[in-house]
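Residue-level listing of the chains:
2 protein chains.
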Amino acid sequence: MCRKAELARRKYLHKDCIIIEGTVGVVTTRHEKVEGAKQEDSITVPDFNLGNGFKELLESEVGWDVVFRVGDETFRAHKSILAARSPFFRAQFFGLAGDPYLNEVIVDDVHPSIFKAMLLFIYTDELPDVHDTTSSSHSSTATNMMQHLLVAADLYNLDRLKVFCESKLFDELTTTSVATTLALAEQHQCAQLKAVCLKFAACPANLGGNLCC
Amino acid sequence: MCRKAELARRKYLHKDCIIIEGTVGVVTTRHEKVEGAKQEDSITVPDFNLGNGFKELLESEVGWDVVFRVGDETFRAHKSILAARSPFFRAQFFGLAGDPYLNEVIVDDVHPSIFKAMLLFIYTDELPDVHDTTSSSHSSTATNMMQHLLVAADLYNLDRLKVFCESKLFDELTTTSVATTLALAEQHQCAQLKAVCLKFAACPANLGGNLCC
Numbered sequence: 001m002c003r004k005a006e007l008a009r010r011k012y013l014h015k016d017c018i019i020i021e022g023t024v025g026v027v028t029t030r031h032e033k034v035e036g037a038k039q040e041d042s043i044t045v046p047d048f049n050l051g052n053g054f055k056e057l058l059e060s061e062v063g064w065d066v067v068f069r070v071g072d073e074t075f076r077a078h079k080s081i082l083a084a085r086s087p088f089f090r091a092q093f094f095g096l097a098g099d100p101y102l103n104e105v106i107v108d109d110v111h112p113s114i115f116k117a118m119l120l121f122i123y124t125d126e127l128p129d130v131h132d133t134t135s136s137s138h139s140s141t142a143t144n145m146m147q148h149l150l151v152a153a154d155l156y157n158l159d160r161l162k163v164f165c166e167s168k169l170f171d172e173l174t175t176t177s178v179a180t181t182l183a184l185a186e187q188h189q190c191a192q193l194k195a196v197c198l199k200f201a202a203c204p205a206n207l208g209g210n211l212c213c
Numbered sequence: 001m002c003r004k005a006e007l008a009r010r011k012y013l014h015k016d017c018i019i020i021e022g023t024v025g026v027v028t029t030r031h032e033k034v035e036g037a038k039q040e041d042s043i044t045v046p047d048f049n050l051g052n053g054f055k056e057l058l059e060s061e062v063g064w065d066v067v068f069r070v071g072d073e074t075f076r077a078h079k080s081i082l083a084a085r086s087p088f089f090r091a092q093f094f095g096l097a098g099d100p101y102l103n104e105v106i107v108d109d110v111h112p113s114i115f116k117a118m119l120l121f122i123y124t125d126e127l128p129d130v131h132d133t134t135s136s137s138h139s140s141t142a143t144n145m146m147q148h149l150l151v152a153a154d155l156y157n158l159d160r161l162k163v164f165c166e167s168k169l170f171d172e173l174t175t176t177s178v179a180t181t182l183a184l185a186e187q188h189q190c191a192q193l194k195a196v197c198l199k200f201a202a203c204p205a206n207l208g209g210n211l212c213c
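Protein chains in written order, with full-length UniProt numbering: chain A, 1 to 213; chain Y, 1 to 213.
Calculated from the structure, these hints are not laboratory results. Hints may be right or wrong, so weigh each one.
[Unchecked claim] Which residues of chain Y face chain A? A partial, calculated answer using Cβ under 7 Å: (1) P46; (2) L57; (3) S60; (4) G71; (5) A83.
[Said to hold, decoys possible] Heads up, simulated EDC-like pairs for lysine to aspartate or glutamate below, C-alpha to C-alpha not over 20 Å straight-line: (6) A/K11 / Y/D41; (7) Y/K168 / A/D41; (8) Y/K168 / A/D47.
All C-beta atoms in this analysis are idealised placements derived from N, C-alpha and C, irrespective of residue type, glycine included.
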């Protein structure tokens, strides 16, 4: 089963239609006899796995050339990978006013667990599970983590991560969280999130009324 | 797998189209009214795009720290990205006997167009079109390119690229290419490709006989 919102998020809903994607393999049979032996066989190529090697590099710290001191934690990373993914880091290390010899960066404005999750996203385009990222002393909920990640994504110009956080915050929008989320959307120029928050808040049912929009 | 004649018999073929029937069950949720404002909206997250930033970095050469001289061409690249994707490069730059200060590498045994395609694969996990890669003076066919790429993939320990080439070579296997491909499979320990080549070659029809296996 798949929720309508999830279908919409994945672009499978178009007006009143649902888009169903499938793969149809067509086997040409002109050379059926000659290629008889081929028809029955195949060589399976492993799945796309670009992120695996980068994740392993991040975790092993092999060849690191910059260290981030975030609170009481340190993270070793690779300037070229950071520059490939974040315009902020590209400018910081290789921009006109950047410093390619910079090998230590102090980060004051991001929690270590959030910075760690952001680094993983930079290296793999994916986020860890909330429980893998938040330390036991940090009572972050998924919503809280997404709020902080959105702030970090905005700071480091990680556009896809920012929209990913907006989408997650929207999915988890409740009457309790809508005010904070709306304020965050306003502060960080999240036009889509702001619009859906306003629409959600304007619905009488969500404000304790009896009638829904 | 379903034969075309069978599809036509069941009236699933209409001109150039195949008709695919499915059943979609729609479950209305109990909280639909309360979440009315959410159900209609969505925030669309851009597709997974890890390769884009790395491709752009490779093409722009921003922050490069190693140059490869391949024939009469030079390619600037990033050691950490190469190390993330290729055990060969990881050992060359950061292994026990490696040299992290190495910033120029002479490559004698790979054609520039093949090295360029391999670099793109390292950065993006994808290959370019054959025509984008081969220069006008290099009369490479797709098969020829895949044969050379397989050799390079084996040399630089790019396992997925190697299997990808094996798969392509198998797809393009003909009575003309089977001997070369089999020899290549033997030389580079491609067990799967070797097995299918032997099976293909053993088919009497592929050896000029009148009967097919």
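Output the numbers, in ascending order, of every earlier hint that fails for this structure.
-> 3 and 4
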